[in-house]
Amino acid sequence: MGRVLATRLARLAATLFAVTFLSFIMTSLLPGDPVNAILGVDAPRDEATVERIREELGLNDPLPVRYVNWLGNAATGDLGESYINRGQTVWGDTIVQRLPVTAQLAAMAIIIAVILAVPLGIIGAYRQGRWQDQTTSAGVQVALSVPNFITGIFLIWLFAVKLRWLPASNWNRISDKGIFENLKTAILPATALALTQMAIFSRLVRSDMIATLQENFVLSAKAKGLSDRYILFRHALRPSSLSLATIVGINFGALLGGTVVIETLFAIPGLGFRLINAINQRDILVIQGITVFVAVAYVLINTAVDLFYTVLDPRIRKS
Amino acid sequence: MKRSLTKLLAMLFAFAMIAAACGGDSSDDGEESTDTTAAEETDASGDEADDDDDVAEAGEEAEGDVDTEVEASTGERAYGGDIAVGLEAEAVGLRPWEDTCSSPCYNMMITIYDKLTELTADGTYEPWLFETLEPNDDFTEWVGTLRSGVTFHNDVELTAQTVADMFVIQQTGAASAGALGSAFIADVQATGDLEVTYTLSQANSALPATLSRAPVGMVFDPAAAEADPDGYSTAPIGTGPFVIESRDLDNETVVVRNENYWGVDPEGNQLPFLDSISFRPIPDEGTRLDAVLSGTVQSMQTLRQGTIRDARAARDGGDEIELLEFQGNNVGGGQFNVLLAPYDDVRVRRGLTHMNSQENVIDALGGTGISLPGTQWFSPDSPWYSEKVAEAWPQFDFELGVSTLQEYVDDPERSDGKAAGEPIDVELSCPPDPTLIAAMQVLEQTWTASGLVNVELTNFDQQTHINYALGAENGFVGEHGAHCWRWSSDDDPSLGLNPHLAPPTAEIAEAAGIPEIVSPLNFPNWFDGDAFGAAAAAIQTDDFDERFALYESIMLQFAEEVPIWYSGHTATAFVNDPSIQGLIGWSTPSGVLGAGIPAVEGRWAEVWLAE
Chain A
865 MGRVLATRLA RLAATLFAVT FLSFIMTSLL PGDPVNAILG VDAPRDEATV ERIREELGLN
925 DPLPVRYVNW LGNAATGDLG ESYINRGQTV WGDTIVQRLP VTAQLAAMAI IIAVILAVPL
985 GIIGAYRQGR WQDQTTSAGV QVALSVPNFI TGIFLIWLFA VKLRWLPASN WNRISDKGIF
1045 ENLKTAILPA TALALTQMAI FSRLVRSDMI ATLQENFVLS AKAKGLSDRY ILFRHALRPS
1105 SLSLATIVGI NFGALLGGTV VIETLFAIPG LGFRLINAIN QRDILVIQGI TVFVAVAYVL
1165 INTAVDLFYT VLDPRIRKS
Chain B
1068 MKRSLTKLLA MLFAFAMIAA ACGGDSSDDG EESTDTTAAE ETDASGDEAD DDDDVAEAGE
1128 EAEGDVDTEV EASTGERAYG GDIAVGLEAE AVGLRPWEDT CSSPCYNMMI TIYDKLTELT
1188 ADGTYEPWLF ETLEPNDDFT EWVGTLRSGV TFHNDVELTA QTVADMFVIQ QTGAASAGAL
1248 GSAFIADVQA TGDLEVTYTL SQANSALPAT LSRAPVGMVF DPAAAEADPD GYSTAPIGTG
1308 PFVIESRDLD NETVVVRNEN YWGVDPEGNQ LPFLDSISFR PIPDEGTRLD AVLSGTVQSM
1368 QTLRQGTIRD ARAARDGGDE IELLEFQGNN VGGGQFNVLL APYDDVRVRR GLTHMNSQEN
1428 VIDALGGTGI SLPGTQWFSP DSPWYSEKVA EAWPQFDFEL GVSTLQEYVD DPERSDGKAA
1488 GEPIDVELSC PPDPTLIAAM QVLEQTWTAS GLVNVELTNF DQQTHINYAL GAENGFVGEH
1548 GAHCWRWSSD DDPSLGLNPH LAPPTAEIAE AAGIPEIVSP LNFPNWFDGD AFGAAAAAIQ
1608 TDDFDERFAL YESIMLQFAE EVPIWYSGHT ATAFVNDPSI QGLIGWSTPS GVLGAGIPAV
1668 EGRWAEVWLA E
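Those sequence lines, one after another, are chains A and B. When the letters of the first sequence are read in order and numbered with our numbering, they come out as residues 865 to 1183. When the letters of the second sequence are read in order and numbered with our numbering, they come out as residues 1068 to 1678.
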């Protein structure tokens, strides 16, 4: 166990080094200067001020020096401060403040997707080739084909503009406005994110379930006269969920860094919205901080998924 | 049979889902379809499309140009109420001296801070926190007297020393240092309890304009700012009509009524009327409009013609919204880098500009019937607008454009080093916005149709786009060719024009005999001693006619030398719930009608909610 852990930690360190190095180099080499974003392009420009800001931010140092400085600080937990939103720390004021928003969105999207996908997958497998299967497959195909921002725009139009049931934008924090008001702002973006996930999950459950239903232990259960529902949910679903668990974990990690479009569309103050603004403003330390955080989260979630296998399947635990 | 029916139903369901999703895109989709249509409609031969008068000639009101008239608010005022306002972006910070501030930011800052002066409906400036502001004879010294009894939100009293202490901080502020320099403010002293004296290094008759903008004009508590400069960004302290309650970056900034505000409206009503305002950045134009239509917010701003078009359509379709439209001096188009061949030759610039079909470009931008074609830095309703310039501007004339460009192409001494007869190479660059790309495609097609131009269309994100034009790495020459840009505002012309006309590089400054003046903001790199001299002369007098003549002469030189080309003036609007009243008809403390909503900067103190 210790060896496995050491291997994983070494892999994590290598991954983080690669991610931070590449993202630092790439963002630093982009044309554009954070000083322009700080000063504003039309503002009268005072070159002494430009120089002072560049010096304060360390932008006059060579690139390797800047990277090593950043890495040294990051190793002590200091991810620096935003170049643009001066005084805002990357860790406390950006990641800690915004992670709950993105994590909630991602979690809700995954939950909605799983709730929809499992029954659809089971129906598809149980009624393989019949109209129920074809209908759900068609629906799934549509959900896969439609980009989530189109789904989001449609949801806003229907539930906010036409029905006026839900707000069109922004975010009600649980701490300020309570869970009910929070859910009102979360449900539409979460659903927009969920539909694609649902489609992926349901296809996976369907194909795994089809394979499981042909296993000997299922045939044996049928021979014993157990009901189809009992066999599906008690015997077949669990072994058919291994791939689902993997993809749920991977996709949750991916969603932490992949909600950029939906957060921007709905004006939700999560990591994705902040990241896209940071890229546009060349706010390099914020880009670095969020990138590293998402990379760490991704690796940790995958590790957790591996461990979860042993809970789902006793055969893995024994081996 | 049953299986076939099932398949059919499944397919219908799938199509219905797709159709519903596409139909639900209330604005963005429309924007794209318009773009495509506009690009396709551009006559490939370059001939002007039928003149259906959708777009007016310069100087006339465009069909559908319904700038909301700026007139004093009427109706019974009511106190109370909370509103939410959708802004196009978040403010990077709320410190006037440090944080760059554009239209969304001004909406927030102006609730928290008062300014020393303010722009009025006729384009002049009136004192605001100053009660009086007077220059000496040669405009090198200005003396202002502050209102008495004004206090900051932290109960600190506003005195002349406050303004003098602000100056110390402003001298090193990222946003204010440059503004102080360009206004020639050398010193600010408290010469009485409420009397402030500005000493300038050069004459500047436009100082009141500088004092009406955030970096120098918004009044903050210098002691609090010095004690916690970073904290001031999220917990700003001003003397304004509202007090900050919370700031949740990228989500919501809430301001609540300042119970001790000093201001009253022209009828003597204590300001402000509203209990609170929640400012919400909603960057997506379609979502922002949907937020108003759904009641999520009660007001939104837009600087996009396509959104105004969509909002008009929603209103005309029965949605209960009101548009307050404003088309100011800000004008879009592009600039040629005149230090690079072939743009260094006026025949190229004039030829390409004659082949700029403003009508089709504006249509591609979604601005038909909304935006007027530009001929100068001033819109037809500006006091600085000149008919003479409008007539002199090289209008769309494809044949004339071809013949002008042909002269350069056939010139054996042409500046780009190509052989006579070869087409010129033009890099036309814009940020990757769908409507801008569509507009550039119109130009690309027209220029290409001449057979004399190879156009390379490039798109870079905003920061890269700016950086290429700024050219900090190559002595401010820049790496741009033909580059999308915007100019001008409703402020005094000197604020935008003077840095635009100063020498762009050290070499040019040296050659002009003014080595100490180099302006990185001269993006086209066009320098003309006469134009620069006219701009300098225009701030040494406050005689309007004299100043008008000087600015007219500069605009005439633009029309002759064409360092820049224009598409249309920037149409802007607030889209409001009908209950929002008083946004456009505010007044200065002395009762002079204010400027309305230039650049969709709302003055929220006089806004109230109708019953």
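Treat each hint with caution, since some may be false.
Think about it this way: if two alpha-carbon atoms lie no more than 20 Å apart in a straight line, the pair counts; the simulated DMTMM-like pairs of lysine to aspartate or glutamate are [claimed, not checked]: (1) A/K1048 / B/D1315; (2) B/K1485 / B/E1454; (3) B/K1485 / B/E1474; (4) A/K1026 / B/E1389; (5) B/K1455 / B/D1222; (6) A/K1048 / B/E1319; (7) A/K1026 / B/E1619; (8) A/K1026 / B/E1627; (9) A/K1041 / B/E1619; (10) A/K1041 / B/D1149; (11) A/K1026 / B/E1387; (12) B/K1455 / B/E1628; (13) B/K1485 / B/D1386; (14) B/K1455 / B/E1627; (15) B/K1485 / B/D1411; (16) A/K1026 / B/D1644; (17) B/K1455 / B/D1612; (18) B/K1455 / B/D1597; (19) A/K1086 / A/D1072; (20) A/K1041 / B/E1627; (21) A/K1041 / B/D1477; (22) A/K1041 / B/D1644; (23) B/K1455 / B/E1619.
Just so you have them, the derived chain B footprint on chain A, three or more residues with Cβ under 8 Å [unchecked claim]: (24) 890-902; (25) 927-934; (26) 947-957; (27) 1090-1104.
Just so you know, the hints here were simulated from the structure itself, not pulled from any lab data. Cβ atoms here follow ideal geometry from the backbone N, Cα and C, with glycine treated the same way.
Hint check results:
no.	hint	result
1	A/K1048 / B/D1315	18 Å, holds
2	B/K1485 / B/E1454	39 Å, violated
3	B/K1485 / B/E1474	14 Å, holds
4	A/K1026 / B/E1389	18 Å, holds
5	B/K1455 / B/D1222	53 Å, violated
6	A/K1048 / B/E1319	16 Å, holds
7	A/K1026 / B/E1619	51 Å, violated
8	A/K1026 / B/E1627	53 Å, violated
9	A/K1041 / B/E1619	56 Å, violated
10	A/K1041 / B/D1149	16 Å, holds
11	A/K1026 / B/E1387	13 Å, holds
12	B/K1455 / B/E1628	16 Å, holds
13	B/K1485 / B/D1386	58 Å, violated
14	B/K1455 / B/E1627	12 Å, holds
15	B/K1485 / B/D1411	14 Å, holds
16	A/K1026 / B/D1644	16 Å, holds
17	B/K1455 / B/D1612	15 Å, holds
18	B/K1455 / B/D1597	18 Å, holds
19	A/K1086 / A/D1072	18 Å, holds
20	A/K1041 / B/E1627	60 Å, violated
21	A/K1041 / B/D1477	71 Å, violated
22	A/K1041 / B/D1644	24 Å, violated
23	B/K1455 / B/E1619	8 Å, holds
24	890-902	holds (count 7)
25	927-934	violated (count 0)
26	947-957	holds (count 6)
27	1090-1104	violated (count 0)
Consistency note: the structure conflicts with the earlier hints numbered 2, 5, 7, 8, 9, 13, 20, 21, 22, 25 and 27.
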